[in-house]
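> Required output: the full structure, derived from the provided sequences and hints.
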Amino acid sequence: MSSKLNVYTIYSLMQDNQIQFSYKGPITQEVLITLGETVKEKLNSEDCDTKVIRRIFSVLVETAHNILKYSSEKVYLDETNKATGIGLIGIGKTEPNMFIVFSGNIVSSAEAKAIEERLLYINNLSREELHKSYQQQLKQGTITADGSAGLGLYEVARQSERPMEYSFSPLEDGNVFFELKIYVKVEA
Amino acid sequence: MENYIITPTKYTPLIELSFKDNFLRITGDSYPENAMDVYQPLILQLEKYFAAPKQKLQIELNLDFISTSSKKILTDIITLLQNYYNAGHNINITWYYTDGDIEQKEQWEMFLEDVTFPYNIIPLPED
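Protein chains in written order, with this note's numbering: chain A, 1 to 188; chain B, 1 to 127.
Possibly wrong hints are sitting among the right ones.
Using C-beta positions, here's what the derived DEER-type ranges look like [claimed, not checked]:
1. B/I43 with A/T34: 28 to 34 Å
2. B/N120 with A/Q20: 34 to 40 Å
3. B/T94 with A/D78: 41 to 47 Å
4. A/V31 with B/P41: 22 to 28 Å
5. A/E165 with B/E2: 19 to 25 Å
Non-contacting residues of chain A with respect to chain B, defined by C-beta distances greater than 12 Å in every case (computed) [claimed, not checked]:
6. N81
7. T94
8. A110
9. Y166
10. F177
To be clear, the hints were calculated from the coordinates, so they are not data collected in a lab. Computed from a predicted structure; not experimentally measured. A virtual CB, placed ideally from N, CA and C, is assigned to each residue, including glycine.
This is the structure in C-alpha cells:
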C-alpha cells in the first residue's frame, strides 16, 4: 500500500516560500533549544549581526513558549508528566533583508478572542507607547506561578519591523487555528 | 555558609552566590519555560545572604539570550536588591553588554534606571 504523502510537495512549498526551516509537533523546551541553536548557527554562518540574531531568537522563544503553554492541542510527555502544546513554528526569508518568523496552533475560541484583543491593542500602539507599556508591564506586572509575565507579545512586537500579522480560522470542532507572522529586518 | 552554585544549561545561566567572597554572578542564556523555577531559589538564597546586617554584595551580570519571563524575574530581583540597599546593605552591579549592541545596552539601562545603588553597564568584547 502506498502512502498519499508527497514529500516533494512539502519540499517545494518550503523551497518556493524561502522557508529555512519549519517544525510541527510538541514544542518542548528541548525542541526550542534545538531550534534556537540551529537559528544561531545558521544566522552566524550567514554573517548576520548579533543584534538581528538576538531579535529573531527572541521572537522564536516567545512564540514557542506561547504554543507550549496555550495551544489547545496538547500531549503529555513522559518524565515531566506535564502537558506540552503542539504547534508549528518556522523561519523564512520571503524578501531581501527581511526574515519572517511564523507560527500556527490551535486555540479555543475563548482563547482566540483574548489573543486577538491583545494583538489589536498592541498593534495600535505607537513605537513610544509600546516601549512604555512594555516597561510598565515589566516593572509593575506580576508573574504567575507558571512563569507567565504577560510580556511575550509586547516583546515580539518590539522586535518586529511591521505590525504583527495574524489570522484566526474557525475549525469544524469549534476551535480556532491561530496564525502569527512576524517580520524581522536585517539592518545593513 | 556554603556558596550557592547552579550549573548552567543551554537555556539557563550559571548562577554563583558566594557568601564568603561577597559576589553574585549570573552568566549565560536564560529562556526556561518557567523562570520562577530558576530564580525563586536564588531569591531565597539572597534572603539568607542579607539576613546578616550591613552585607556587601558585588553583582556581575553577563546575559545573552533572555526571555521575557526571565526579564520579569530579574526586574523583581533588582527591586529586591534596591530594598536591601535601602535597608543599609552595600550593593553594586556591573552589567555587561555585547560591544556595539546598543539595543542590549539600552535594555540593561532600562532595568537599572530606578535604582539608587551604584552600577556600571560596560561593553564586553565579542568573542
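> All the hints need checking, so say for each whether the structure fits it.
Each hint, compared with the structure:
1. Between B/I43 and A/T34 the Cβ separation comes to about 30 Å, which falls inside the hinted range of 28 to 34 Å.
2. At roughly 38 Å, the beta carbons of B/N120 and A/Q20 sit within the given window of 34 to 40 Å.
3. In this structure, B/T94 and A/D78 meet the distance hint of 41 to 47 Å, their C-beta atoms being roughly 42 Å apart.
4. Taking the beta carbon of each, A/V31 and B/P41 are about 26 Å apart, inside 22 to 28 Å as hinted.
5. Hint check: A/E165 to B/E2, Cβ distance near 51 Å, so the stated range 19 to 25 Å is violated.
6. The Cβ of A/N81 lies farther than 12 Å from every Cβ of chain B, with a closest approach of about 14 Å, so its non-interface assignment holds.
7. Consistency note on A/T94: stated as away from chain B, and its beta-carbon is indeed over 12 Å from all of that chain's, at 24 Å minimum.
8. A cut-off of 12 Å between C-beta atoms confirms that A/A110 is not in contact with chain B; the least separation is 23 Å.
9. For A/Y166, the condition that its CB be more than 12 Å from all CB atoms of chain B holds, with the nearest at approximately 19 Å.
10. No beta-carbon of chain B comes within 12 Å of the beta-carbon of A/F177; the shortest separation is about 23 Å.
Consistency note: the structure conflicts with earlier hint 5 alone.
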